[in-house]
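Engineer: Sequence:
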Amino acid sequence: MKYIVSSRIGLLLLQLDATKTLKIVQAYAPTSENEGEEVEEFYSELDKVLQNKSTYTVLMGDLNAKIGRGKDGGIYTGRQGLRTRNIRGERLVTMAESNKLYIGSSWLKKAKI
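Numbering follows my numbering, with no gaps: position 29 of the sequence shown is 29.
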């Protein structure tokens, strides 16, 4: 089943077998030009989508956040993030940790261009 949650969040639910489900969430966060209420509404909607449990969850998209490098002791962020973590990055990391989601891009070494 597929759903359009909002203009910024899409959801695809797949039944893998009798007991396992895969939830794929595509999200596009407001840009830095949009602060305040629009960002709060986006994260509230995203949190509701992630609260519905599934066996496997994939969250992907442009979340307009800088997560920086993972901190010692953090298991959901890797050491390959770029730049310093910003407020949105902190929020994304907190959300990832509370939903037990790994931030994949922080585990991959970036090519120097």
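Hints listed in this document are in silico derivations from the structure and should not be mistaken for laboratory results. A few of these clues could be false.
Claimed, not checked - Listed next, the in silico DSBU-like pairs over lysine-lysine satisfying Cα-Cα at most 30 Å (straight line): (1) 48 to 112; (2) 66 to 53; (3) 20 to 2; (4) 48 to 20; (5) 66 to 109; (6) 2 to 100; (7) 66 to 2; (8) 100 to 20; (9) 109 to 23; (10) 2 to 53; (11) 100 to 23; (12) 66 to 23; (13) 110 to 100; (14) 23 to 53; (15) 66 to 48; (16) 48 to 23; (17) 112 to 53; (18) 112 to 66; (19) 53 to 100; (20) 100 to 66; (21) 23 to 112; (22) 2 to 48; (23) 2 to 23; (24) 20 to 53.
Said to hold, decoys possible - Label-pair ranges, simulated between beta-carbon atoms: (25) 4 to 110: 28 to 36 Å; (26) 15 to 84: 37 to 45 Å; (27) 112 to 19: 42 to 50 Å; (28) 112 to 38: 30 to 38 Å.
Just so you know, even glycine gets a beta-carbon here, dropped at the ideal spot from N, CA and C.
Engineer: Taking only the CA atoms, is the gap from residue 2 to residue 23 under or equal to 30 Å?
Structural biologist: Roughly 10 Å between the alpha carbons, so the hint for residue 2 and residue 23 holds.
Engineer: Tell me if the straight-line CA distance from residue 66 to residue 2 falls inside 30 Å.
Structural biologist: holds (29 Å)
Engineer: Do residue 112 and residue 19 keep their Cβ atoms within the hinted range of 42 to 50 Å?
Structural biologist: holds (45 Å)
Engineer: Does residue 48 lie within 30 Å of residue 2 when you go C-alpha to C-alpha?
Structural biologist: holds (16 Å)
Engineer: Given a hint of 37 to 45 Å, does the C-beta separation of residue 15 and residue 84 actually sit inside it?
Structural biologist: holds (41 Å)
Engineer: Given the proposed pairing of residue 20 with residue 2, does the C-alpha separation stay at or below 30 Å?
Structural biologist: holds (17 Å)
Engineer: Need the status of pair residue 2, residue 100: alpha-carbon distance at most 30 Å?
Structural biologist: Judged against 30 Å, a Cα distance of about 23 Å means the pair holds.
Engineer: Below or equal to 30 Å on CA atoms is what counts here, so check residue 110 against residue 100.
Structural biologist: At roughly 24 Å apart (the allowed maximum being 30 Å), residue 100 and residue 110 satisfy the hint.
Engineer: Does the alpha-carbon distance linking residue 2 and residue 53 stay inside the 30 Å limit?
Structural biologist: holds (16 Å)
Engineer: Taking only the CA atoms, is the gap from residue 48 to residue 23 under or equal to 30 Å?
Structural biologist: Holds, at roughly 13 Å.
Engineer: Between residue 23 and residue 53, is the straight-line Cα distance small enough, at 30 Å or below?
Structural biologist: holds (9 Å)
Engineer: Could you grab the alpha-carbon distance between residue 53 and residue 100 and see if it respects the 30 Å cut-off?
Structural biologist: Holds, at roughly 11 Å.
In summary, the numbered hints that this structure violates are 1, 17, 21.
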